[in-house]
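Student: Here's the letter readout for the chains.
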Amino acid sequence: MTAQNKLWGRIVDLVPHAVLILGVLIFAFPIYMTLIGSTWDAATIARGNLPLIPGGEGLHNYAAAWSEGRGERVVYTPVRIMMWNSLVMALTIAVGKIAISILSAFAIAFFRFHFRMIFFWMIFITLMLPVEVRIIPTYKVVADLGLIDTYAGLTIPLIASATATLLFRQFFLTIPDELVEAAKIDGAGPMRFFFDVLLPLSRTNIAALFVILFIYGWNQYLWPLLITTSREMQTIVIGITKMIGTGEAATDWNLIMATTVLALLPPVAVVVLMQRWFVKGLVDSEK
Amino acid sequence: MQRRVVFENKWLPYLLVAPQVAITLIFFHWPAAQAIEQSMLLQDAFGLRQTFVWFENFEIVLSDPNYLDTLRITVVFSVAVTVLSMVLALLFAVLANAQIAGRGVYKTLLIWPYALAPAVAAVLWIFIFNPEIGVLGRALNNMGLRWDYRLNDTQALVMVVLASAWKQVSYNFIFFLAGLQAIPRSLLEAAAIDGAGPVRRFWTVTFPLLSPTTFFLLVVNIVYAFFETFGVIHALTKGGPGKATETLIYRVYLDGVINNDLGGSSAQSVLLMLVVIALTAIQFRFIERKVHYA
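Chains as they are written, first to last, in this note's numbering: chain A, 1 to 287; chain B, 1 to 294.
Don't take every hint at face value.
The list that follows gives simulated cross-link-like pairs (lysine-lysine, DSS-like), each with its CA atoms no further than 30 Å apart [unchecked claim]:
id, chain 1, residue 1, chain 2, residue 2
1, A, 184, B, 10
2, B, 243, A, 140
3, A, 242, B, 243
4, A, 6, B, 107
5, B, 10, A, 140
6, B, 238, A, 242
7, B, 107, A, 280
8, A, 140, A, 242
Think of the hints as simulated: they come from the structure by calculation, not from any bench.
Input sequences plus hints: build the corresponding full structure.
Tutor: Written out as structure tokens, the structure reads:
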């Protein structure tokens, strides 16, 4: 091999890295600019010459976004309230979906009872009814129940889950009959079997689903947009777009950017820190 | 399909399925039925009386040139988002799957955007591409491009496509990577021994074996573009300028929530329901087939 060939080989080896680094930068750049924006003052941003390096207003911006609720031009819900709402929503949806799905999957997989398959299909068919296609009537049901502007209205209608039920059922069908028989011989009832055997065996599935569902809940948009009218109930994702309004140059972009960073921190942290479970949850629950 | 050994209990199974079934009945089946009923009712101008009109609302919706425009925009938008995000994801996945240094780091740095809400992705893009304050928006204007996605139809559509695709790449990347890792190394080595270069190996071995993943992602991405991009559009353009970025789902929201046209909005909802049912049916037929051959 000549020296020239070797050099050429080196260059070819670098191409994948170059493309991947470019990809990483395309994803990181908007976040970088958001971080930068959150460290300058509103006037600098409004003039349109935001530097590419951090400024000195960061602490002030984050503190103001977190607790004040009033910039120079926008009035908004303080981030601590919106974060709390988003957290309640994400946790209730994640825990609720897992709880009711694992129970119904347990019933469908481990019992023989009338209407078993009808119940199964009733749950299954919700796959085909995303909230977007039944917006108005679902909103009406929630309004009739007096659940507008409540955590219950925000979360309960999203708690039914066909995918989680299917996933648990699939997993339960792989549990050997001997295990069930052994439990019966030991005199364990169904609920005892559920708590002492099934639940511990389902640990990884639960963790994986939790990561996916937490992000799903945190990122909800259309539903909270309809269900929350009071500022105290606003979730953070909705809050940001309300702050932006029509996107004028002269607005409190520094506060909006600080709020954006705080809004994306929890779900990004969950994905990065629980990456293994997250990938498993995603691949399992969707396939 | 059920297990051979089961528990015997008269009422416990009903108690166990009750919460899930109650929620699906109250918040899924009942509203869906309402949507179908409402789609066949016509309200008078004062909203006082409703008459049953069979499929008149559907006829009105489907013969409305505005609706057909919205449909056309939705198709263009969905195809663009799907193709762009899948091609980029496949490229990154193939490269990150190769035996290169730092692939774990690349992987982490490419999957995190999954965690962003579509609306938040839109906010990031606004801050960069705003014609007055955005770094790139101003750069485009300085280059003499007259960049303002708030006024220009095409630019608005480009913005929502790019923001929506940008957010979706990581999802597709995860699935392509999982699909690639499932391809037996021996097959690729055999092809290499036969003298096939990397590009040829990709098109004759990798890509065909990846087709279940590709097909699955195709359906998921269409669903994403149809429904979940509502947040992107609502945050970025509100369907505008004019109706340039109004997709079907955005229009259901506008007609039902903002314009209060219940019959028309419900008819549109029912049409979208049919789209979802068709896509889900395709998905499941395909999964069934895959199970057979696995």
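Student: For every hint, state whether the structure bears it out.
Tutor: Structure-based check of each hint:
no., hint, result
1, A:184 x B:10, "holds, 17 Å"
2, B:243 x A:140, "holds, 27 Å"
3, A:242 x B:243, "holds, 21 Å"
4, A:6 x B:107, "holds, 29 Å"
5, B:10 x A:140, "violated, 36 Å"
6, B:238 x A:242, "holds, 12 Å"
7, B:107 x A:280, "holds, 14 Å"
8, A:140 x A:242, "holds, 23 Å"
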